[in-house]
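A.B. asks: Chain by chain, the residues run as shown.
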Amino acid sequence: MIRVVLPQHLRTLARVGAEVSVEVDGAVTQRSVLDALEARYPMLRGTIRDHLTQERRPFLRFFACQQDLSHEWPDAPLPSAVAAGKEPFLIIGAIAGG
Amino acid sequence: MSKVRVLVGTRKGAFILTSDGKREQWDISGPHFAGWEIYHLKGSPLDPDRLYASQSSGWFGQLIQRSSDGGKTWEAVGNKFVYDGVPGTHQWYDGTPHPWEFKRVWHLEPSLTDADTVYAGVEDAALFRSTDAGQTWQELSGLRRHGTGPRWQPGAGGMCLHTILLDPGDPGRMFIAISAAGAFRTGDGGQTWQPINRGLHSQFLPDPKAEVGHCVHRMAMHPSRPNVLFMQKHWDVMRSDDAGNSWQEVSGNLPTDFGFPIDVHAHEPETIYVVPIKSDSEHFPLDGKLRVYRSRTGGNQWEALTKGLPQSNCYVNVLRDAMAVDSLDSCGVYFGTTGGQVYGSADAGDHWAPIVCDLPAVVSVEVQTLR
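So the sequence lines, in the order shown, correspond to chains A and B.
Take the working numbering: the final residue in the first sequence is number 98, and no numbers are missing along the way.
Take the working numbering: the final residue in the second sequence is number 1371, and no numbers are missing along the way.
Be careful, since some hints might not be right.
[As the list claims (entries may be wrong)] Not everything, but these chain B residues come out facing chain A in the computed CB check (under 7 Å): (1) Trp1059; (2) Phe1060; (3) Lys1072; (4) Ala1076; (5) Asn1079; (6) Val1082; (7) Pro1360.
[Unchecked claim] Restraint-style ranges between C-beta atoms, simulated for each label pair: (8) A:Ser80 with B:Thr1192: 56 to 66 Å; (9) A:Pro79 with B:Phe1204: 54 to 64 Å; (10) A:His71 with B:Val1086: 50 to 60 Å; (11) A:Pro79 with B:Leu1370: 50 to 60 Å; (12) B:Glu1024 with A:Ala39: 42 to 52 Å; (13) B:Gly1189 with A:Asp50: 23 to 33 Å; (14) B:Thr1073 with A:Gly85: 43 to 53 Å; (15) A:Ala76 with B:Pro1223: 55 to 65 Å.
Keep in mind the hints are simulated off the structure, nothing from the lab.
Virtual Cβ for every residue (Gly too), placed ideally from N, Cα, C.
The shape of chain A in the complex, shown without the other chains:
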C-alpha cells in the first residue's frame, strides 16, 4: 500500500484523515499514485492535477523522502521507500497568500 498525505482542505473534501493508503498496480509513479488516489476518492479529481492536461496544479507540490519531486517526470519511479510503504508521498499546498 502506498501512503499519501493530503493537505488540510483536501482531507476535508475527501472526508479522510491526514494520511490515506492506496493500492497501486505496477510501477509506483506520481501518475499511478494519483490515478489510484482519484479512483478511490473521485471528489479529488481536478484538485491536484488539471482535468485535461493532467499537469500538477501550480500551487501544489509533491515531496517524499526529504526530496521535492514536484518537477519530476510523472512516470518516473517514486523513491523505493514510498513504493514499499515506509515513507508517505506528500501533497503539499504551496505557502502563498501573503
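Go by the hints and put chain B onto chain A.
C.D. replies: Below, chain B alone, put in the same frame as chain A:
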C-alpha cells in the same frame, strides 16, 4: 408560515441565513467550505432544498457542491469544465490574442423547468449546462463560437460570464452577460446567440456602435415581463423594453451611475434597485455613505434609501451578484458588502438592518422564499 433563506457566498466560505416571514430574527449557519472562495450559491426553484454552490481556490481549482437538504449537508459533484473543441483565442488586456482558459464558475442558475438542469457561467467566458444535477457539464459553445468571441476582452475582474436570466415564459430563451463583451440572447436553448448591445455606449471604445466590448456588470429582469431588461453597466444604468434589441440610459438623477448590482422588486416590475459606487478607480460609495437607490419608475427618477445604512466613513463595495430580493408580500431586499456585512430590508428598502456584520468579503447573495 413562510421562511426566508439567504445564501451568502464569501471569499472564505458560504453562510446560510434563515428567518421566518417577519425577517427580524436570523439564524446563521456556516462557514460551509471554510477557507474556500464561494462565488455563488443558488437553489432550484422547483426543489428549494436542492442547492448548488461554486467552490474554488487558487490552490485546488474549481469544485461544485450540491445539497439536497437546504444546505445542511453537501456533496461534491462534477467539476470538469472543458471547452467544446479547440477553444481558440479572445483578446487579452493589451489586445493580443489569448487562449481561452477555464478559471472558475462565477454564477450557477438552476433551470425553471427541470430540477436536474443547471447552467454555469464561467471565466474565461462560456456557458455550461448540466442535465444530471451537476454531475457532468457540457459547454453550450454556440455562444463562444457565434463570431464575436475573438474580440471579447476581460474586465478588471476577469473575462467572466456572470449573469444568466431565464425567461419563465419561454424555456428556450435566455439572456447572459459577459464582462467585458456585453449582453447576448438565445431563443433556442443556447444553440445560437446574438449580441444585444445596441444603444450601449462605452467610453474609449473606438467604435461608438461597437457590437461587443461593453463592460456589463449585471442584468436583471422581472419574471412577469421578460422583454424588459435592466442593466448596470460599468458606467450607466440601462433599460431595454424589447428584450435587448435596443437600450436606453435611465441613470437619471443618480449621484454616480457606476456600480455593480441591479435588481427588481418581486411584485413591482418598475421598481428597481442599484448601489451607486463612486468610480471604477474608487470602488466605494460616494462620500462614504452607503446608499441603495430605488426607482419606482423603471429608472430615471431615483431616491436614496439610507435608513439603517451607514452614512459616514463607509468604504465597502457591493459586488455584482451580491443583491437579491425575496417574494414575501412586503418584498425583502438584501445585499452583501466587501466589508462582510449582509443588510436586509423587510419593507422594500425603506428601512435596513444588518443581518450579520463580520463575515469575510461577500461575493454573492441569493434569497429563497420558502412557503
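A.B. asks: Against this structure, judge whether each hint is valid.
C.D. replies: Here's how the hints hold up against the structure:
no.	hint	verdict
1	Trp1059	4 Å, holds
2	Phe1060	4 Å, holds
3	Lys1072	16 Å, violated
4	Ala1076	4 Å, holds
5	Asn1079	5 Å, holds
6	Val1082	6 Å, holds
7	Pro1360	13 Å, violated
8	A:Ser80 with B:Thr1192: 56 to 66 Å	58 Å, holds
9	A:Pro79 with B:Phe1204: 54 to 64 Å	57 Å, holds
10	A:His71 with B:Val1086: 50 to 60 Å	28 Å, violated
11	A:Pro79 with B:Leu1370: 50 to 60 Å	55 Å, holds
12	B:Glu1024 with A:Ala39: 42 to 52 Å	50 Å, holds
13	B:Gly1189 with A:Asp50: 23 to 33 Å	30 Å, holds
14	B:Thr1073 with A:Gly85: 43 to 53 Å	34 Å, violated
15	A:Ala76 with B:Pro1223: 55 to 65 Å	57 Å, holds
This entry does not satisfy hints 3, 7, 10, 14, going by the numbered hints stated previously.
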